[in-house]
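Below, each chain spelled out in residue letters.
There are 2 protein chains.
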Amino acid sequence: MANITKKVSWSSRADDSNATGEGTPLLNGSEQLGYSRQVSGGSISQIGRVSTVNMDEEITSEEDSLKGRPKEITHNEKLLSLKYESLDYDNSENQLFLEEERRMSYLGFRCLEISRWVVCGLIGFLTGLIACFIDIMVEQLTGLKYYVVKENIEKFTAGGGLSISLILWAVLNSAFVMVGAIIVAFFEPIAGGSGIPQIKCYLNGVKIPRVVRLKTLLVKVAGVICSVAGGLVVGKEGPMIHSGAVVAAGVSQGRSTSLKRDFKIFEYFRRDTEKRDFVSAGAAAGVSAAFGAPVGGVLFSLEEAASYWNQMLTWRIFFASMISTFTLNFFLSVYNKNPGELSNPGLINFGSFDRNVRSLCSFCGLLGALFNALNYWLTIFRIRYIHRPCLQVMEAMLVAAVTATVSFIMIYFSNACQPLDVVQGEDYPLQLYCDDGEYNSMATTFFNRPEKSVQNLFHNPPGSYHPLTLGVFTITYFFLACWTYGLAVSAGVFIPSLLIGAAWGRLIGIMLLGVTTTKVIWADPGKYALIGAAAQLGGIVRMTLSLTVILIEATGNVTYGLPLMLVLMTAKIVGDYFEEGLYDIHIKLQSVPFVHSEAPPTSHWLTAREVMSSPVTSFNRVERVGTIVDLLSNTSTNHNGFPVVVSNANGEEPAKLCGLILRSQLIVLLKHKVFVELARSKLTRRKLQLKDFRDAYPRFPPIQSIHVSQDERECMMDLTEFMNPTPYTVPQETSLPRVYKLFRALGLRHLVVVDDSNRVVGLVTRKDLARYHLGKHGLEELQLAQT
Amino acid sequence: MANITKKVSWSSRADDSNATGEGTPLLNGSEQLGYSRQVSGGSISQIGRVSTVNMDEEITSEEDSLKGRPKEITHNEKLLSLKYESLDYDNSENQLFLEEERRMSYLGFRCLEISRWVVCGLIGFLTGLIACFIDIMVEQLTGLKYYVVKENIEKFTAGGGLSISLILWAVLNSAFVMVGAIIVAFFEPIAGGSGIPQIKCYLNGVKIPRVVRLKTLLVKVAGVICSVAGGLVVGKEGPMIHSGAVVAAGVSQGRSTSLKRDFKIFEYFRRDTEKRDFVSAGAAAGVSAAFGAPVGGVLFSLEEAASYWNQMLTWRIFFASMISTFTLNFFLSVYNKNPGELSNPGLINFGSFDRNVRSLCSFCGLLGALFNALNYWLTIFRIRYIHRPCLQVMEAMLVAAVTATVSFIMIYFSNACQPLDVVQGEDYPLQLYCDDGEYNSMATTFFNRPEKSVQNLFHNPPGSYHPLTLGVFTITYFFLACWTYGLAVSAGVFIPSLLIGAAWGRLIGIMLLGVTTTKVIWADPGKYALIGAAAQLGGIVRMTLSLTVILIEATGNVTYGLPLMLVLMTAKIVGDYFEEGLYDIHIKLQSVPFVHSEAPPTSHWLTAREVMSSPVTSFNRVERVGTIVDLLSNTSTNHNGFPVVVSNANGEEPAKLCGLILRSQLIVLLKHKVFVELARSKLTRRKLQLKDFRDAYPRFPPIQSIHVSQDERECMMDLTEFMNPTPYTVPQETSLPRVYKLFRALGLRHLVVVDDSNRVVGLVTRKDLARYHLGKHGLEELQLAQT
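So the protein lines, in turn, are chains A and B.
Heads up: take any position in the first sequence, counting from 1, add 3, and you land on this note's numbering.
Heads up: take any position in the second sequence, counting from 1, add 3, and you land on this note's numbering.
Hints in this document: simulated from the structure, not taken from any laboratory.
The reader is advised that the hints may include incorrect statements.
Since the list gives no way to pick one copy over another, a pair counts as held whenever it fits inside one copy or between any two copies.
Stated by the list, open to error - Using 35 Å as the maximum straight-line C-alpha spacing, the simulated DSBU-like pairs for lysine-lysine come out as follows:
1. K158 with K340
2. K694 with K779
3. K267 with K779
4. K148 with K158
5. K694 with K591
Since the structure is predicted, the reported quantities are computational estimates derived from the model, not experimental observations.
Use the sequences and the hints to build the structure in full.
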């Protein structure tokens, strides 16, 4: 393999995973790399692998990328990475599959349907349990930490030795974060961040290596507990969504490849199509558990992910969401020694508001866009310079220490004393330098778990916070949150965004309260906090429908529906004007070939002929084993789907299309040596069944691990039974939007382009479509590279 | 035309509309009728139009169907009607279209996008206005009626001449209903019923004649006011959804064909694809106005209708919903002399609940299924015997009179006196035979507007209703509602269902209250009313996700989310076991070729070869005008889509596919006489543009209205520029589920089946797919007939 430069990936170690156990990733090229590309004018420009490895070099003119391990990684956002493969969301309806389907009775389909519901129930149950576990662990650890620090502060407040408290606090936080960062950076880099962009890509059809593994789940859960307990400006909601997705991918397969256990159940679900549906349900269950929002969960899955609306699927997703909320509520109620009290809506409960809000924020979207822009530059910086695991751990620890220090300094210098009786149910009121009977409100904001702080900002009565406190808090928290997102720790961005928004929302509320005279209507700054929180979060993640429902479900009151909707819609429109959503930015920075829901509007100029890759490597229906092995082993082409053709009797070329076969299928065929000429051994060998393909799924062995002797190379292989005989095709003249629509609506991986006699002329894959995007100067074409 | 029997349609007059102004419906056959059908074994069974006209006859063995106007219409539910055409939800990307798209700059697309938002805003605004108008009119009329009747009753209560009051009441009601029934039965039968099944079909791609016309809207609005004011057991929510859809279809076209006004705007939107998207938004806006549920509206559109989830579309639909709610609130607040008070959530506001519910109903779904079964038999009876407009009007009046009488008798014989002080804000408390300071609770239930009654059942304190009152009320209302749905009046089923459910829910609540000892928890029977209402409505219409959100938004409290979800899910599962949803039943009874979201599970046996219609009538790329005219005029075939082929030089047949052209396009071509040989006149004639097609849309003239002279018949017509050069195709071996998926995901109308050399062998249309459904004995095939 020609991986000379260090690859840029979700985290800098993800590529290493290819070599260790991912199966195909050893050959993780693209479907079409190495095909020569026929551009519109007819000129042929060759984009081969070897020539593109250092394509970045031309742009950054750095010379060190060839000298061993580079200090800086060159990165160009106008590239599309070739290292991401696609998932097969279109069933390969080959003879084996059809035979199985036809054998199955109506009763069989009913059983299958019921087991789908069972799996969804299980997904909801386990996701709820995990959410419950994370919540309890975080509560225990933070409680312990606060107790230690508070004791220490109170001990030293009089004596003036507060620097010792600061150091204690910073060290405690850094220790937690170090653990969290080490497991993420060294053991499972893909578990870093919120996981939502990765799940979005997965559901879009991009194979992100290791994203739904058991190990990822374990690291994610442990990591998020550490980073939240370590006082970082992060939330635990994004990781919970990722956890739900991993649970779904695991449970639905009825086995664990990591643990080498196969329960021999749910074998039917061992393919990408079914797995994707369950992963949608898992993500929804995660949202549902995190926010107590089952409907919001379903909408999240649909808005962020799914492309094809299917009623039955929607109902199952909904079911998983409900079960998840229910499980979480039940176990938390048991934990809180109040079993059966199920009114606890979710991990975030904003409490109920009781009156109407009529104001809109003016900042809608602006602050969100600023956040995204800053994070964008920070991420590019990280990709270039902070790509070694140890550097990543150190950065995380640095952030933890800085967070602690900044908080401490702000608490120390602020004189935001508030009378103690105003506060109800404050867990950690800290007196510090305040008079007796008072407490430091800045300390309260920093010391609480973020969820609790959001709730306080929403609900504490007017006068609980000093405006200056809120102002300083907003600015500090804004930059801290921006710095934190993208660290090599498991962390979500929901809660920090809500907190920042709630703080400035409440600040505006207080200021309006000072300006206006009609005090009765504008009385409660908590409502401004809610609106601000929605605006900030909406400006960052750019969800509308699902976020509205999530916030409604989390606040427990529909009265705020209309203002929330208006705010979120405004935030989206304003934000989109400046910058993309945070998740989209991160997806783009990883050069993921993401297929959006519609083709760029001005792309009618392009047709399949210009977009496709050609010429295409095809196989004959009965092909020589040696040819197949050679083609699969060719790392410079590395195709994943091959049209199968039949030649005419007179050998006219190119021959007519008669099917499509995948690399993974060929590998299974080679492994089981399904060769025509081996007549003797064929008698003893059972017919290859769908089960053999399912057993190998999803970690198909690389071609190098399959030994084919010289004799066997001369054998023939009959692909008829295994190929998909009815691949979708389009004529060459089809416009790009039309190709796009077909591709996206059906979740295709390979789309064969044929001429008017049904002869193969090209192949359209995900990367061919994702390349085109709307830039500042109209339609732009991204370059493909093996970054 | 061979329309000998009276056709069964949405209402018995719908077919007449074909002859008057619908354009194509004069030729409203099917896409494939008259093609001979090649069934699996290879045997050919001819289903021609003439031979199938009286196909019903064989089954019912009635003899009178040929003798003029039959007294009874034979009807068989195992038929699929050929009279419904499809809509073109797949753009015909011909050269004209592509040229226009390519001419358009990025700025042009931005403008288009903005105008889409503007249209959605307008749709929301107008829908809100209409909802407001209906609401105010109903309130005024019912107020007037109640006032008159109440005066009369109070006048006669002492004297005992209550029969006069009864007659007055019955006559008043019948008069209202008569007006409503006459305009529906005689002027616009399609405006009858709730309109939801029709909109569902429209969005599914079935062309229901006249369903989105201005006249339909007017009749619908007037009709629903009359029927609600006439005291029928109906709601005004379904009609409001239909109204929203009509508004959307009208506004988005920028002209009114009925009023002959063309504003020369939004011309780009004059095609089925764009129109459908706006109609989705209109339906959502209707739900939003009816229930104050913007999110519920979006989900309704998606759950009931759309097949392809598109983010941009979703956001626009959401926008329309919000505007609609906002408009309604604003104008109602002005009407209520409280301008600016926007907390009025919608036409139905169930008020806020304040505590948790933990009980599930045991009847979930059962009563709903019973309702549907009864209505099913009633509808069949109506189709057979009550198909003349005057009979329909008489039936409606009868129902109105019976409703009044039954209510009166129940009020008369009940002694459900309740103290007056319990009730807050009762609009029409009726003393009747009760003591002073008391009122008759049965009368209250019957006398209020249904929305108000539902609210009372939810919120009146324990003890407001006598259990016997509720029991009798439930039974009476159940049968009345069942009888009413399907009458020739504009009427919805939402509110009656909620009312029935609320009544029995409250009854159960009261009974449990009597049984149980822990009075504190079970204290409020209103919560049982809510659960009962959800169960009844869910059992009838079988929506889950959207109904949950609608009910949450209407109750204004998320706390009930989980119990509501559980109840709705149970109601759906239990109900589906016995009977389909009410809307699906009505769609099926009209023999509409509805394409569900998935193929029947056991249909892998079938391939495109068995499903398709063949042989197909094709045109050459340059075709003789006479041939085209003859084929279009042939009423026995009546195709709507024609593959265009090119023959080889040696004239080998069948030739290769090179495009697809629609009847409507050919008609425009013939009208503008775009003939190749007319060289002289061609010079003076401008090139045909997309505008000419848009101007003719959607009422293309019938072929009979176009005169083609004998000379012109010999001319040639070049179809190259106008045909869709890249129709979607499938090979013959493609399995039915795969064909289904492609067809449904892309909203196709014609899918060309080709052989391995790209030669046309068949055509798959909507009816070919809708024919297969899962019956009691496995896969069944419906017969096609010109019912």
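>> Output the indices of the hints that this structure fails to meet, ascending.
In response: Failing hint: just 5.
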